[in-house]
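Chemist: Please put together the full structure from these sequences, using the hints given.
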Amino acid sequence: MFTNGRHPNLFLPKNETKIQETLKMKSKKSNAKETLNIEIAAWSLIIGVIYIVTKVLS
1 MFTNGRHPNL FLPKNETKIQ ETLKMKSKKS NAKETLNIEI AAWSLIIGVI
51 YIVTKVLS
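Note that our numbering gives residue 17 to position 17 of the sequence shown, counting from 1, and the numbers run on in steps of one.
Read the hints as simulated data drawn from the structure, not as lab findings.
As the structure is a prediction and not an experimental result, all values here were calculated from the model.
Hints are not guaranteed to be accurate.
Taking lysine-lysine pairs in the DSBU-like style, the calculated list, with each CA pair at most 35 Å apart, reads [said to hold, decoys possible]:
{"no.": "1", "residue 1": "Lys18", "residue 2": "Lys28"}
{"no.": "2", "residue 1": "Lys18", "residue 2": "Lys33"}
{"no.": "3", "residue 1": "Lys55", "residue 2": "Lys33"}
{"no.": "4", "residue 1": "Lys18", "residue 2": "Lys29"}
Modeler: Here it is as C-alpha cells:
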C-alpha cells in the first residue's frame with residue numbers, strides 16, 4: 001500500500017498498527033484524566049490554604 005517508505009508503520013502488520021493506535025488513544029485518555037486529577041488537587045490545595053488562613057486570622 002505504501003511503497004515510498006514514508007509511512008512510519010511500514011514494517012508492521014495491519015493488526016500491529018491498530019494496536020498502536022488504540023494504545024495512543026488510551027494514553028491520550030489517561031493523560032486527560034491525570035490533568036483533571038492535578039487540577040482537582042490544585043484547587044483543593046488552594047481552598048485548604050484559604051481555609052487555614054481564614055481560621056488563623058479569625
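Chemist: Each hint: holds or not?
Modeler: Comparing the hints with the structure gives:
1. Lys18 / Lys28: holds (15 Å)
2. Lys18 / Lys33: Status holds; Cα separation ~23 Å.
3. Lys55 / Lys33: Given that 35 Å is the threshold and the Cα spacing comes to 33 Å, the pair holds.
4. Lys18 / Lys29: holds (17 Å)
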